[in-house]
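A.B. asks: Residue numbers (the UniProt record's numbering), protein chains in the order written: chain A, 1 to 406; chain B, 1 to 406; chain C, 1 to 406; chain D, 1 to 406.
Read the hints as simulated data drawn from the structure, not as lab findings.
Values in this document were obtained by computation on a predicted structure and should not be read as measured data.
Beta carbons are placed, not taken as given, at the ideal position from N, Cα and C, and that holds for glycine.
Honestly, I wouldn't trust all of these hints.
Facing chain C, from chain A, some residues (calculated, C-beta under 10 Å) [claimed, not checked]: (1) Gly231; (2) Asp260; (3) Val291; (4) Tyr298; (5) Ile327; (6) Gly385; (7) Ser387.
Number of protein chains: 4
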Amino acid sequence: MTERVVLAYSGGLDTSVAIGWIAEETGADVIAVAVDVGQGGEDLDVIRKRAIACGAVEAEVADAKDEFAEEYCLPAIRANALYMDRYPLVSALSRPAIVKHLVAAARKHGADTVAHGCTGKGNDQVRFEAGISSLAPELRCIAPVRDYAMTRDKAIAFCEANSLPIATTKKSPYSIDQNVFGRAVETGFLEDIWNAPIEDVYEYTRNPATPREPDEVVISFHKGVPVAVDGQEVTVLEAIQLLNVRAGAQGIGRIDMVEDRLVGIKSREIYEAPGAIALITAHQELENVTVERELARYKRQVEQRWGELVYDGLWFSPLKRALDGFITEANEHVTGDIRMVMHGGRAVVNGRKSTESLYDFNLATYDTGDTFDQSLSKGFIEIFGMSSKIAAQRHSRAGHDLGLGQ
Amino acid sequence: MTERVVLAYSGGLDTSVAIGWIAEETGADVIAVAVDVGQGGEDLDVIRKRAIACGAVEAEVADAKDEFAEEYCLPAIRANALYMDRYPLVSALSRPAIVKHLVAAARKHGADTVAHGCTGKGNDQVRFEAGISSLAPELRCIAPVRDYAMTRDKAIAFCEANSLPIATTKKSPYSIDQNVFGRAVETGFLEDIWNAPIEDVYEYTRNPATPREPDEVVISFHKGVPVAVDGQEVTVLEAIQLLNVRAGAQGIGRIDMVEDRLVGIKSREIYEAPGAIALITAHQELENVTVERELARYKRQVEQRWGELVYDGLWFSPLKRALDGFITEANEHVTGDIRMVMHGGRAVVNGRKSTESLYDFNLATYDTGDTFDQSLSKGFIEIFGMSSKIAAQRHSRAGHDLGLGQ
Amino acid sequence: MTERVVLAYSGGLDTSVAIGWIAEETGADVIAVAVDVGQGGEDLDVIRKRAIACGAVEAEVADAKDEFAEEYCLPAIRANALYMDRYPLVSALSRPAIVKHLVAAARKHGADTVAHGCTGKGNDQVRFEAGISSLAPELRCIAPVRDYAMTRDKAIAFCEANSLPIATTKKSPYSIDQNVFGRAVETGFLEDIWNAPIEDVYEYTRNPATPREPDEVVISFHKGVPVAVDGQEVTVLEAIQLLNVRAGAQGIGRIDMVEDRLVGIKSREIYEAPGAIALITAHQELENVTVERELARYKRQVEQRWGELVYDGLWFSPLKRALDGFITEANEHVTGDIRMVMHGGRAVVNGRKSTESLYDFNLATYDTGDTFDQSLSKGFIEIFGMSSKIAAQRHSRAGHDLGLGQ
Amino acid sequence: MTERVVLAYSGGLDTSVAIGWIAEETGADVIAVAVDVGQGGEDLDVIRKRAIACGAVEAEVADAKDEFAEEYCLPAIRANALYMDRYPLVSALSRPAIVKHLVAAARKHGADTVAHGCTGKGNDQVRFEAGISSLAPELRCIAPVRDYAMTRDKAIAFCEANSLPIATTKKSPYSIDQNVFGRAVETGFLEDIWNAPIEDVYEYTRNPATPREPDEVVISFHKGVPVAVDGQEVTVLEAIQLLNVRAGAQGIGRIDMVEDRLVGIKSREIYEAPGAIALITAHQELENVTVERELARYKRQVEQRWGELVYDGLWFSPLKRALDGFITEANEHVTGDIRMVMHGGRAVVNGRKSTESLYDFNLATYDTGDTFDQSLSKGFIEIFGMSSKIAAQRHSRAGHDLGLGQ
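Only chain A is shown next, with the shape it has when bound in the complex (with noise of 0.2 Å):
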């Protein structure tokens, strides 16, 4: 039997291209698999028929966008996930979900090889190979740009050649990824860094400078899942898209910066996530409201680990697991609602109401009603303090004056 190569098909030049290019260089039937993760663009259907028409002896198309934002982007929100305090990840995420996908499909299909489109530089090729040879480690990943060569222009040469259905157009100054969680978009002039991104590059914003109304919003959540928008049960596909759209309109989610990347360079970036990061601001607040001080000192740290993990393409590893133990156990009290005014850029909450509260008004007001024995604290600070007080006795001792002077 001949062997199969399911293949990562996402509809542009590059992958269409792929299908031919992979079956010349291996004499595999190459399978296309095409994954919806809210990238928008075209239909699903066009999609699959191109691949067909360009060679592809079978082609799968997979509507992803709930399993995406239920799967992939909740863990996210819950780990209050940004990669360089900043990131929410939005490539990383998509990519195990493709995964999935590619990995379902070589099994249906008898394939013992993965390709896929990404170059050999990026983080992209790891988060696709790492997550295959984690799901299923029997199969071979193959990347035709890296691997084979497949340089932009020879393929454009191959498309011609090979009178492929796909229009080569002069090419876009801006490579970009996009799904529902935000948009990537790297180009030739922002490499030197101290270039500012003009306007033309963001597509999921507006202008924040633009002066317009605020919009004010209130996001519930129910242990850490968000499930209402102003009242309005959602789901949290529902609630990204929703939030896109408005805090999208006030600017908000626009990061630029440079990156580590796991290869090892550091490269910059511009990403646009107003979904992602209204709804993170919005978790993280209701943290503070809702988890205990040094759970939620703790989880700091498991938050930074996760998303470093993610980002460097380990989705399906032994310790992303163990630290989504925890994650989930943290969540269990994060339930209220959260306030937001969005405007210029910013959201920014103003107020948030939980039954699972830890916030005890009778403990921290200043006013009448106050319930907190000011007595105790004399003791807690003596003993709370006693451990560098040792130490700095010991340095009195030993004449040490902590530049004090005297």
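With chain A's structure known, arrange chains B, C and D on it following the hints.
C.D. replies: Then chains B, C and D, alone, in the frame of chain A:
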């Protein structure tokens, strides 16, 4: 000899009354010490004279603004210190600065007790007392409000009964602590955490929602120290002051959060810290450009612990000193220029330039000049993902299906 | 109705006297509760009767040995919990087990106060009281020794004055706490930390220096739970008891350390925990074989924090629960057999066998059958070291010479 | 000019053959560099002459024993560095020491390539190459065994064909790496992880099971540096050598473990490191006495990361340098004497003495002289447990029962 108490003196009603109150309670002579950490307000000499008029046997005043900026705010900037990812530790930084002056005064004047005006349910009592016991373990601490039941009403009565030269106007609804690094506000109606702050609460910042022109600024750092603004050399104090004005004018640095106090309760706090937020934002991005990935990842954890320690009043603790050893080393190459647009409440970096940059255009670019050898990636991915892959093989062996359905 | 106090009762002099002492101080009825966590000694029924004879209005006794082993010791084994890398948390584990019974008794008998026999300078008072306030925040805690100045001498006098049925023999020089997981000893001459312990201090272990035959044992685990010893099925309690005997006979599990108490002081402690140390040693090595590297590395940090939390009396805290979520997940594959030689104070693993092993002979071997593709390493090393290399290039660029001399 | 390759030369068969092999493969002149890190064996001059006899154009030998002890072993002692809580990094420490000499030789002789004898599946190839690229990013690395298929059999054939002056005796069953800090052994029959090691495997240590007299030793440290043994001043090298003899005679420092290699596989390793284990054991306990609690707790995490970094070959990385900043500061007060009994494979501390001690007899004692104010504890416990208690009140409020049954 009569015993002597050094009192942290602000010039306001509470600490002015405390002079006499402490004298009555303890029979000791009271020495008032006022430290200027940029809180603004009255002239130091006026304050000094009032202390004497209120019964202090001695009164000392110190302009510690530069010292506060250099020795307390600067380490916080180099640590990107944001407690709970938000609060730049404004009050927490000023306490150790004041403590050092109190201890020096106690030694100079032979006092065996230090007094402060804090209540018994906040963080500041801990910061004062843990600080004092770490610098001078032999000193005793007292707090008239907490230990001698000196309530506001009783203080006013005392003031009137003793004809102290202080206006006993009706209490402002706001409880405020401020210094050059920022301003903290608590007030009754905000103790309902569903209530939004009103514009009246703010003083260091203008309303970010008001339409106005953006302000572009270039901040230069040398080894993590801000050394110039728009090419003009500045001291750390000047950098903070200048950015307080410019970032404040754009509404930058407002914070509204529920926070975890050291004494175990949650409280709602409003802060303004325009200069601090602008400087930390710039410093963070310059680190993104100049600090190696693994160091940067680890530093995030160190920063978090540093912020918790300082928030918790452990400025003079052995762990704080050791973390400073790490942070100083990590800032060794944080040298260069950051360009930011300040507008509408946001300070957004859009350009970076550094002789110490680790961003390598030739490795990062996808255009001509690319020097990254993509053939290396295959081996990297395979070995990087090896331990997860082997774990996955165990799963396959065991017949687990990882939820792939088959 | 007369108020009721539940007292943690041991049957010894101090808590026997406390029954009447508390009654006198508070006017409340005292209910004695004794919990058997494997401390050995008298029959529970004897203890129950003595409580009544000493004036308790009710006395409850509970055999909690299995519960203690399953719910408290087992999580510690799965966490490889060693406070300060040494101490298996013996007493710290028993306190929450006892607390649960005290709280249940308080609710059953309508008590509003819980009393315990601890002093005011140790960890156990915190473990009792923090535990009680986390399970039953409405209960008040008292400690006669600390709060009502019930010194040893006064207790003896009280005992004699009231003809209580307890022998008031001269105090043993040792202060001991013990349960099935181990034994803690403090004594006057060891408060000089230069003094070595004498053989007389030990009870669970024989002198490791005495020549004797080694004992080889195979311990089997299922998901981190010890389920068999030398092929014989055991409960967790039996595993601990059996290894207490066999490892104890070889002098295993003696610990002599200066430790950091929660109340800020350092103390010198002698522990014996033969079963605990043998089980943790075996469990650790089985993890080495069955847990993926990154998970294993992270788990070490989690273990340390888990041990600190439990030592600090925060067994019932939200963070502890979330760390348990992590640890449970991490133990999912810790299944297999560990062979150990026990001799001369050491438990040394020398064989491991597991169906869940991640050790792959074919990848590890340097002999025939090697399946590791060494050609992958070049790319791995190059990219793995890339970020350090780029940082080094900056150094070269800047003329630094890294101390190479040239 | 002919290109030049610097080869890490051991004097053994593999690297002797590599001289000619590299010359043939690359056409370059080979410069042999042998570094003595205490591995014992032949005289350096003999080794130098053999290199020349085998075709090297230059041969350099360096006695780096003191340098290795001071600059590599000492930081490991101060970090209590034990990879996976067991392995004192023996080989991992020697690689950067050797690398520094290789790079210096390459610069001196104008070489553009460095060669080493490692295979392609171990850690050492990474340690060599990551080290070299961090010190001299312009140098290229090659490994004949890995890159030019120089197998053992082919090496023997080459040796005979070229009449090289090396004995090509039948290969020892053991693959060994050793230096003054310890010894690592791998061998075929131990690749079955159920097999126990045999006595024949060990060389630095005698059988711990053999009855013999205990050996008591006092080790003195100054700021974490071992400076005297039994009162006799020593260099770091002498301390290690002396304790290798004395602790080795007692069978101390044998390690048998399954470990996680950087290349993603698990391997089974046997180590002996008597001096290292004795010194680290003593150093740890002196830290228990002299380091403040919070610093000690945090240092444990730093130690673990430090060990992982060094194991992973990142000795010269920026993160390693910053962690060293922390560790140096933490060792500032680690001064004093530790008395240990060494016997039966165990080094057991039984006495500590320090002018920098934080152990305070008067605070710790339960006897006369106790200065700890127990009345402080009540307030401490109440506030220390406050956040957990408030979380518990939420539970009560919600009708949860925490499994208490009622």
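A.B. asks: Next, verify each hint and record whether it holds.
C.D. replies: These are the hints, each one checked on the structure:
The beta carbon of A:Gly231 comes no nearer than 29 Å to any beta carbon in chain C, farther than 10 Å, and the hint placing it at the interface is violated. A distance limit of 10 Å between C-beta atoms decides the matter here; for A:Asp260 the minimum to chain C is near 7 Å, and the interface restraint holds. A distance limit of 10 Å between C-beta atoms decides the matter here; for A:Val291 the minimum to chain C is near 7 Å, and the interface restraint holds. Because the beta carbon of A:Tyr298 sits about 6 Å from the nearest beta carbon in chain C, less than 10 Å, this interface hint is met.
A hinted interface residue such as A:Ile327 counts as satisfied when its beta carbon comes closer than 10 Å to some beta carbon of chain C; here the least separation is about 8 Å, so the hint holds. Hint status for A:Gly385: holds, given a least beta-carbon distance of 8 Å to chain C, under 10 Å. For the restraint placing A:Ser387 at the interface with chain C, the shortest Cβ-Cβ distance is roughly 4 Å, inside the 10 Å limit, so the hint holds.
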